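Turn these sequences into a full structure, and let the hints guide you.
What follows is each chain in one-letter form.
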Amino acid sequence: MKDLIKIGIPSKGRLRKDVLNIFKKNKLKLISSRGDRDLIGSIKGKQNIEIIYLHAREIIEQLAGKSLDLGFSGLDLLKESEINIQNNIKVFKKYPYGQATLVVAIPTDFIDIFSMADLEEVAFEFKDKKKKRLRVATKYPNLTREFFYSKGVTQFSIVKSIGSTEIAPYTGSSEVITDITSTGSTLAANNLRIINDGYILKSELCMMVAKSSLQNKKLQRLAKLLSTKY
Amino acid sequence: MKLKNLSENILRSVKSKGFKYIDLPSVIEADHIVQRSGENFRKFIFSFIDQNGSELCLRPDLTIVSCLRYLENNLRGKEKIFYSGQAYRKSQNKKNSIIRNQVGFEILGSKDEKNDDKEIINTSLKALKNLKYTSGTLTIGNVEIFKLLISKLEIPARWKLRLLRHFWRDDYFNDLLSRLETNADIDPTEVAVDKKRYLNLLKKDPSTMIAGRSIGEILKRFDTKMKDPRRASKGKKVSAIIRSFLKIKCPINNAAKELNKFFKKNKINLVVDQKYFPISSNKVSKLNVMFSTSFGRQLEYYSGMVFKIDIKSNSKIVNCCAGGRYDGLISDLGSKKQVPAVGAAFNL
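Going down the list, the protein sequences come from chains A and B. In terms of the numbering used here, the first sequence opens at residue 1 and continues consecutively. In terms of the numbering used here, the second sequence opens at residue 1001 and continues consecutively.
Simulated from the structure, these hints should not be mistaken for lab results. Hints are supplied without guarantee of correctness; some may be wrong.
Below, in silico cross-link-like pairs of lysine to aspartate or glutamate (EDC-like), each with a Cα-Cα straight-line distance of 20 Å or less [claimed, not checked]:
| hint | chain 1 | residue 1 | chain 2 | residue 2 |
| --- | --- | --- | --- | --- |
| 1 | A | Lys160 | B | Asp1031 |
| 2 | A | Lys130 | A | Glu146 |
| 3 | B | Lys1118 | B | Asp1310 |
| 4 | B | Lys1227 | A | Glu82 |
| 5 | A | Lys132 | B | Glu1258 |
| 6 | A | Lys131 | B | Asp1332 |
| 7 | A | Lys130 | B | Glu1055 |
| 8 | A | Lys131 | B | Asp1310 |
| 9 | A | Lys131 | B | Asp1031 |
| 10 | B | Lys1267 | B | Glu1154 |
| 11 | B | Lys1234 | B | Glu1181 |
| 12 | A | Lys160 | B | Glu1055 |
| 13 | A | Lys129 | B | Glu1217 |
| 14 | B | Lys1147 | B | Glu1258 |
| 15 | B | Lys1147 | A | Glu125 |
| 16 | B | Lys1043 | B | Asp1170 |
| 17 | A | Lys131 | B | Glu1181 |
| 18 | A | Lys127 | B | Asp1031 |
| 19 | A | Lys131 | B | Asp1170 |
| 20 | A | Lys127 | B | Asp1332 |
| 21 | B | Lys1160 | A | Asp128 |
| 22 | B | Lys1147 | A | Glu82 |
| 23 | B | Lys1264 | B | Glu1144 |
| 24 | A | Lys132 | B | Asp1310 |
| 25 | A | Lys151 | B | Glu1300 |
| 26 | A | Lys151 | A | Asp197 |
| 27 | B | Lys1043 | A | Glu50 |
| 28 | B | Lys1220 | A | Glu82 |
| 29 | A | Lys132 | B | Glu1300 |
Remember, it's a predicted structure, so these values are computed and weren't measured experimentally.
Written as structure tokens, this is what we have:
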């Protein structure tokens, strides 16, 4: 169908629940012919809309690649993506859901480190005295690199992490981490402390539109509807 | 003049000064760059993975490749070399080309530093004769004077090192100066909270490792910080001295006079002789020769004399040549010994 609108919704986790709620509040009933695990669905009474459930990171890539017209994902994931991807996506609405912060965390026993300026100093000590780089484990290499550099920490190397970043300092794979946290309790439970000025980015649930679909009138109406009631 | 001819003429001029031509590889291991310039340099390099999984990159700079050659071939003693070719670097500014054509020349491993500095500038001036221009400026700076000034200031050692490390990053350096002026860097409430943890750590074996650092190391740094805090009042004075130092700019024959006046006024125990500078005449080859204390901040690896030549050609001012001394570069790339190095490059 030529005027089919494709919408991406996170397939699991808190973001998924929040997005489903937004649809409910707007009296849009999501239906899946094969039950809850179905990864393709539609909206009752709207034939020209297809709902696709996929990973929040993939939603961003598919928006930029024009396979989705509208999608819901986290601001952190958008900002972490490459510049050509970001250039093809417009954030249409930020919701007060899925709020979390990307932070720099260190082992609580690093009592000599208060601020990023301290970390900068320790990073140079690693380079000069140990002839090593301070290692930072993260799922967000781009945002981390940029933030560290802006705070004067130029001597470090990134260790890419996919999950359980919090344990990296205690398994010998890094000294420091950056990770997304909403309450800080997982960090604290893993003996990590957020550096005073180590706040990289505040993230929240966003409705994003592919720039190539911005002119579509039907999509505009739907996007507006979904950004008034939530 | 066509680019090829121009480049050949410059090469000929350099060769006539006794430099030896060398070929440099176009592709190097990315690790060298990241180890030296830090993770953020990845933003600028074109890198890729080879069949063995090693990350390689196109050379972002010819100087680094030439220094790697000196290091990897275990060369010793003095070498006068020159090379030409393209360097490849990503640019945030769309107008900038990602390919830079360069002709570079260097003196490596020689201890006759003052004369070598002069020779590099003179070679640049000779090669410059191949370019058409009506007037221009030769700007000379010296990172060493800044280092000496910092060593004489009344601030904690940690802060001295920090200022030296970031001299070459204009914006961040200004942030540092602002921070130096304002609040002290230790928050008493937090220190109180950490006191308990501190006492706990004291009871443990100092060689115990926590996430790559020993307890002894953590405690030592904590103690140094507590005993040597930065005080806002002194910071303000020091910051003002640094700011006014960085404003000094004058014809080269006044450089020593201006600097000594500045040191005397600020009660800093330093004296500079005019012979310290590689040139004392205010005009060479249609160029005005200027001294500037803030010049030399563009590249991290400069360690002493720095210079650049801007020429006016067809009513446009263009930077055509830049260079300086980088004694720390070869050891940063992995040499156990410090190898003196000075060089310059023409951007075509």
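Sort out whether aspartate 1332/B lies within 20 Å of lysine 127/A, counting only the CA atoms.
This hinted pair holds, its Cα atoms lying about 10 Å apart.
Is the straight-line distance between the alpha-carbon of lysine 1043/B and that of aspartate 1170/B 20 Å or less?
Given pair lysine 1043/B, aspartate 1170/B holds - Cα atoms ~19 Å apart, limit 20 Å.
Under the criterion that the straight-line Cα-Cα distance not exceed 20 Å, is the pair lysine 132/A, aspartate 1310/B satisfied?
39 Å, violated
Does aspartate 1170/B sit within 20 Å of lysine 131/A, going by the straight-line distance between their CA atoms?
26 Å, violated
Does the alpha-carbon distance linking lysine 160/A and glutamate 1055/B stay inside the 20 Å limit?
15 Å, holds
Given the hint that lysine 160/A pairs with aspartate 1031/B, does the C-alpha gap stay at or below 20 Å?
With a Cα-Cα distance of about 16 Å, the restraint between lysine 160/A and aspartate 1031/B holds, given a limit of 20 Å.
Keeping to a limit of 20 Å between CA atoms, is the pair of lysine 131/A and aspartate 1031/B held or broken?
14 Å, holds
Pair hint lysine 132/A and glutamate 1300/B, alpha-carbon separation not exceeding 20 Å
Roughly 19 Å between the alpha carbons, so the hint for lysine 132/A and glutamate 1300/B holds.
Between lysine 1267/B and glutamate 1154/B, does the CA-CA distance stay at or below 20 Å?
12 Å, holds
Given the proposed pairing of lysine 1227/B with glutamate 82/A, does the C-alpha separation stay at or below 20 Å?
45 Å, violated
Pair hint lysine 1118/B and aspartate 1310/B, alpha-carbon separation not exceeding 20 Å
18 Å, holds
Restraint status (C-alpha distance of lysine 129/A to glutamate 1217/B at most 20 Å)
Roughly 11 Å separates the two Cα atoms, so the pair holds.
Comparing the model with each numbered hint stated earlier shows that hints 2, 4, 5, 7, 8, 17, 19, 22, 24, 27 and 28 do not hold.
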